[in-house]
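2 protein chains.
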Amino acid sequence: MTQATFYGIGVGPGDPELLTLKAARLIAQADVVAYPSTTWKESTARSIAQAHIQSHQTEYPIPLPMHADRTETEAIYTQAAQDIDHYLRDGRQVAFLCLGDPMLYGSFVYLYRRLHHQHRISIVPGINSFSAASAVSKIPLATLEQSLSLVAGSTPDPSLVDALNQHDTVIILKAGRHRHHIASLIGQAGRVQEAAYIEHASKPEQQIYHDITQLPDGPGTYFSLFLVARQS
Amino acid sequence: MTQATFYGIGVGPGDPELLTLKAARLIAQADVVAYPSTTWKESTARSIAQAHIQSHQTEYPIPLPMHADRTETEAIYTQAAQDIDHYLRDGRQVAFLCLGDPMLYGSFVYLYRRLHHQHRISIVPGINSFSAASAVSKIPLATLEQSLSLVAGSTPDPSLVDALNQHDTVIILKAGRHRHHIASLIGQAGRVQEAAYIEHASKPEQQIYHDITQLPDGPGTYFSLFLVARQS
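Residue numbers (the working numbering), protein chains in the order written: chain S, 1 to 232; chain W, 1001 to 1232.
Just so you know, these hints were derived from the structure itself, not from any lab.
Since this is a predicted model, take the numbers as computed values, not measurements.
Even for Gly, the Cβ is constructed at its ideal location relative to N, Cα and C.
Hints may be right or wrong, so weigh each one.
Stretch-level coverage of chain S by chain W, calculated; a stretch enters the list once three of its residues show a Cβ under 8 Å from a Cβ in chain W [to be verified]: (1) 29–36; (2) 119–127; (3) 133–141; (4) 159–173; (5) 188–194.
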């Protein structure tokens, strides 16, 4: 084990004030701040955290092409893990910024799996997009003994329908691309009245649709989800 | 609508540094700070947030008996909502502190339902206990297309077994009271190797059991959960 620590830091859903006190402190204290970015170096995670990034820190963007296949993505993570390994062996503390929570559908997990045998790891949980979506749409997620299921928007229809039939609350993440199809499945399950569609929760470009039969034509953003929740 | 706002504020799982910047700011700015407490006025939510509570603020503990029945609890929420309604009509900003996230199994929902027709409401999401448990146990919750289900520890056996059979990840909340029984169900589902049991994640009294066949005798605390997650 090296002495330096690799920090997986959740920066939350988009509002810079939804960073935790711990995330803000650890970002400011790191020697190297790493984050996923587009190939043209834009990074949502970085922009959320930028008030805490210091000019003397080394920044390390990890460019993840939008439509890379799995093999290509794995190669990018392997390269990034090697670079981060070098920083850590040099005794530099590395903070990796992750949208939402690092351990839930986060890119941090792929770096964690490559680095945790050799390096000390510390993880700072973040606010999930669905908690932000619930807060801004004012739709409670669950109470008491209600069950909740989280699925991806690309889940095959039968599994999505099963979830809608079996769970009091269903959260369908990354739903924008298939939003009209998913809205029709929610309709077939008889749960239109319980559903809302939210894009960019807590960001300035936030959109909330309480009537999912009125979604604009075409696909929506990647940063989008459906909440389907019994209100009793 | 009155001019004052009723804030539902998630204070997270226990570590005071896991408050968001927004929660810290809004708690410090409120006129009245309300929170659930025991009948002898102890409050975990208050103790997490206490660095941000100012001496000039009015504090309003809402005593929730540990073993109250549903009718008694409803009566307590109705009384609390009346008192909060009075504060708001006086033009005082009220912040209600909630463990974890206010909209997920939180007591805030019961106050929200009683107050949102007459008052402006603002909700600040909080870090969920399961995100903290995942961070401290270093068990990733889900990646890519994996599905995740959240259930309460008091869920009837058949539903719990269904969840264990159907979902890549199952989080069983408030599991302490039934922990040995739940551990045996996880064993019957063939998922002992994928499971961990965590109490008080992120608090000083935190306990992590990576081998759920080795749980101490007797029940565990209310602040406890099982994570069952495929690691692939």
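Against the structure, the hints come out as follows:
| no. | hint | verdict |
| --- | --- | --- |
| 1 | 29–36 | violated (count 0) |
| 2 | 119–127 | holds (count 6) |
| 3 | 133–141 | holds (count 7) |
| 4 | 159–173 | holds (count 5) |
| 5 | 188–194 | violated (count 0) |
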